[in-house]
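Asker: Assemble the complex: chain E is given as a structure, and chain L must be docked to it using the hints.
Note that the protein sequences, when read in sequence, are chains E and L. Final position of the first sequence in our numbering is 622; the numbers increase by one with none missing. Final position of the second sequence in our numbering is 622; the numbers increase by one with none missing.
Note that these hints are calculated values from the structure, not bench results. Treat the hints with care, as some may be off.
One copy or two, it doesn't matter: identical chains are merged, so the pair holds either way.
To be verified - Once the Cα atoms are required to be at most 27 Å apart in a straight line, the calculated DSSO-like pairs of lysine-lysine come out as: (1) K404 - K420; (2) K580 - K606; (3) K572 - K386; (4) K294 - K562; (5) K510 - K618; (6) K618 - K572; (7) K547 - K510; (8) K301 - K566; (9) K374 - K562; (10) K547 - K294; (11) K373 - K404; (12) K482 - K572; (13) K617 - K565; (14) K547 - K376; (15) K580 - K339; (16) K618 - K547; (17) K301 - K606; (18) K580 - K376; (19) K572 - K404; (20) K606 - K562; (21) K580 - K373.
Protein chains: 2
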Amino acid sequence: MKRITVLLCVIVGLSDLLLAQTSNMRYIDAKDLNLIGKITPTPQLYHRVDTARYRDFTPNQNILVTEAAGLALCFKTNSSRISVHTYFHSMGNGANMTGINQYGYDLYIKKNKEWLYAASKAKLEKDNLLPLISNMDTSQKECLLYLPAFSVIDSIKIGIDEQADIESLPNPFRHRIIIFGSSFTHGTSANRSGMSYPLMVERDTGLYIMNLGVSGNSKLQQSFARVLADADADVFIFDAFSNPSAKEIEERFDSFVKTIRASHPTTPLIFMQTIYREERNFDKRADRYEQDKMDMAEKIVKKAMQYDKNIYFINPKNYTGDDHVTSTDGIHPSALGYYRWAKTIEPLLLTILKKYHIE
Amino acid sequence: MKRITVLLCVIVGLSDLLLAQTSNMRYIDAKDLNLIGKITPTPQLYHRVDTARYRDFTPNQNILVTEAAGLALCFKTNSSRISVHTYFHSMGNGANMTGINQYGYDLYIKKNKEWLYAASKAKLEKDNLLPLISNMDTSQKECLLYLPAFSVIDSIKIGIDEQADIESLPNPFRHRIIIFGSSFTHGTSANRSGMSYPLMVERDTGLYIMNLGVSGNSKLQQSFARVLADADADVFIFDAFSNPSAKEIEERFDSFVKTIRASHPTTPLIFMQTIYREERNFDKRADRYEQDKMDMAEKIVKKAMQYDKNIYFINPKNYTGDDHVTSTDGIHPSALGYYRWAKTIEPLLLTILKKYHIE
Chain E
264 MKRITVLLCV IVGLSDLLLA QTSNMRYIDA KDLNLIGKIT PTPQLYHRVD
314 TARYRDFTPN QNILVTEAAG LALCFKTNSS RISVHTYFHS MGNGANMTGI
364 NQYGYDLYIK KNKEWLYAAS KAKLEKDNLL PLISNMDTSQ KECLLYLPAF
414 SVIDSIKIGI DEQADIESLP NPFRHRIIIF GSSFTHGTSA NRSGMSYPLM
464 VERDTGLYIM NLGVSGNSKL QQSFARVLAD ADADVFIFDA FSNPSAKEIE
514 ERFDSFVKTI RASHPTTPLI FMQTIYREER NFDKRADRYE QDKMDMAEKI
564 VKKAMQYDKN IYFINPKNYT GDDHVTSTDG IHPSALGYYR WAKTIEPLLL
614 TILKKYHIE
Chain L
264 MKRITVLLCV IVGLSDLLLA QTSNMRYIDA KDLNLIGKIT PTPQLYHRVD
314 TARYRDFTPN QNILVTEAAG LALCFKTNSS RISVHTYFHS MGNGANMTGI
364 NQYGYDLYIK KNKEWLYAAS KAKLEKDNLL PLISNMDTSQ KECLLYLPAF
414 SVIDSIKIGI DEQADIESLP NPFRHRIIIF GSSFTHGTSA NRSGMSYPLM
464 VERDTGLYIM NLGVSGNSKL QQSFARVLAD ADADVFIFDA FSNPSAKEIE
514 ERFDSFVKTI RASHPTTPLI FMQTIYREER NFDKRADRYE QDKMDMAEKI
564 VKKAMQYDKN IYFINPKNYT GDDHVTSTDG IHPSALGYYR WAKTIEPLLL
614 TILKKYHIE
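For reference, chain E alone in the conformation it holds in the complex:
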């Protein structure tokens, strides 16, 4: 009897809390707010690539390019609370990252001209009513809400106080930079969706970075080159040497560049060397395989730079430090590793972009 009473109290307590966080709220469809981060328009709002137009992806790639990594809603509100009601098509749930990164939201609010962390939460339910933040003052606030990085979303409604206002905000970021890459770029093992290295660089620099990270599938394929060739961009950044083998890099690099160059003849193409994977510390086979990739990447980009002066190579000694404390699973950096990655490439990127008056 005592146990049942305790249990009932807990349930009632939780219901009260949920009620206080979500009662007397009104919901507006997020389709009426500004959605940033997509390299091209898509019929399904929260997809990154139109898989009906680009039909030569594998089934796995079709899922990856429709996941919401890097997408964000921009709005202004004076609500004291913000909730998100999502219908998920599919939700990521891998062991090497948080649910918050995979199917959660990551909210920033502008303060003193900077994007200050406000809240990040997640709940593993396809019909997902998520109270994100409460107890704010009711001044007008500019909000940047990053969507989940590893889930496919059918619809989103934003909940605010019944009497509060909400309106769409213009994209707060400048220029159009597209980044194509591996799970590192997609944000695998980042702690929340806004803490992938491209989005840290975005908020730090104010430069607009659209993310085509496709976990495990950034292999210099023509299928992706065609999507990028069709996109409108001032700059392309590539994390293109993390997924392919040395042989694939050798075989595919030139034609990958050629396809993009056909429609972007002089746009800067910035290739990043891949990172040191911590699994290499003792796994001799992984060490050899990874070093071969890095050697081939360096060789092939340096060759390309000889005939194309708008190709660049970012090749720091180690993006994630030399103290070997930054890995989550031997492959993917932790939040510490991604932070170091962002801080390492920021000055290198800015130096290149300055030549093109992108600043």
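Answerer: Leaving out everything else, chain L in the frame of chain E:
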């Protein structure tokens, strides 16, 4: 037909890989290896507290104190591969951390006198055969294998090459330091189990830190004071102000100290201030509640220091930086936040411990 063929190839491919990683291995029961990190012996090997002896915990606390946070196996082997076969009693699966931290393993190997990261992996299965690392050279290696931080374990077997040796290693760490604390100490939102801040300090300093982190339940209770009073320790560290309210801190602090002091009259008691929770940036109620706790903690420890010269207060301005980039869920630090926490307290701890010739 094509799809079935592809699927079969994938399955066969995966089976081949698993076979190569686990075939011709022999398994030894980990009970024959040195298990470190427990403050007292327990009948159930992988529990941290004997819940048959200490009977005034809540059901939730009974689970928390039997989770394997901070425990590690010490052994030496010349195997080229290491696998772990675990029978889990229960496995954590919260949205604010990785599976690798909750139900995975975190392996370090001694190199140049330091513990170098080797591998960390996880699989969400109760009967859990986990290939951890392959392709190593066959020199003798000293291994430190941290157990999962949020799971209760019934048994563990370590798999090595059929022809390889394995033997138990003495505890590589010095002195006996017990830390009692909240989810922060338990390691919530750390990326892997060895990256909680106490274990980072352990590997950095060589000091032996036994972890009684009990997520959400470090509230200066007599139930925990009695466990600590019975334990053998050179030093106690407390993350004791993260979970209780200001009122609970005021009401419970003196009697908590008194119970421990009854059997440890002059042992150094080092109390840490709690950290700034990033949810405070915009949630006014959380901001007030947390500041009240911190104010009360500072007041009450400073008062205690006047009559007990072996009580200390660690109170840095902010353990996790002032750039607001270190949170996973508004409460718990990310890997970046825990790294900064460890690096902030290390010199402060070492200065105190030096007075007691603990170094």
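Asker: Determine for every hint whether it applies to the structure shown.
Answerer: The hints, checked one at a time:
1. K404 - K420: Within one copy only: 18 Å inside a chain, 55 Å across chains, cut-off 27 Å.
2. K580 - K606: Result: close both inside a copy and across copies, 14 Å intra and 24 Å inter.
3. K572 - K386: neither (48 Å within a copy, 47 Å between copies)
4. K294 - K562: So K294 and K562 fail the 27 Å test inside a copy (46 Å) and across (51 Å) alike.
5. K510 - K618: neither (33 Å within a copy, 59 Å between copies)
6. K618 - K572: within (12 Å within a copy, 62 Å between copies)
7. K547 - K510: within (19 Å within a copy, 56 Å between copies)
8. K301 - K566: neither (32 Å within a copy, 57 Å between copies)
9. K374 - K562: Neither way: K374 and K562 sit 45 Å apart in one copy and 32 Å across, limit 27 Å.
10. K547 - K294: Answer is neither: 50 Å inside a copy and 30 Å across each miss the 27 Å cutoff.
11. K373 - K404: Result: close within a single copy only, 7 Å intra versus 51 Å inter.
12. K482 - K572: Intra 23 Å, inter 63 Å, cutoff 27 Å: intra-copy only.
13. K617 - K565: This pair counts as within: shortest intra-copy Cα distance 21 Å, inter-copy 53 Å.
14. K547 - K376: between (48 Å within a copy, 20 Å between copies)
15. K580 - K339: Neither: 42 Å inside a chain and 33 Å across chains, both beyond 27 Å.
16. K618 - K547: Classified as neither; 41 Å inside a copy, 45 Å across copies.
17. K301 - K606: Intra 24 Å, inter 39 Å, cutoff 27 Å: intra-copy only.
18. K580 - K376: This pair counts as between: shortest inter-copy Cα distance 24 Å, intra-copy 33 Å.
19. K572 - K404: neither (44 Å within a copy, 49 Å between copies)
20. K606 - K562: within (25 Å within a copy, 39 Å between copies)
21. K580 - K373: between (34 Å within a copy, 24 Å between copies)
When the structure is compared with the earlier hints, violations turn up for hints 3, 4, 5, 8, 9, 10, 15, 16, 19 and for no others.
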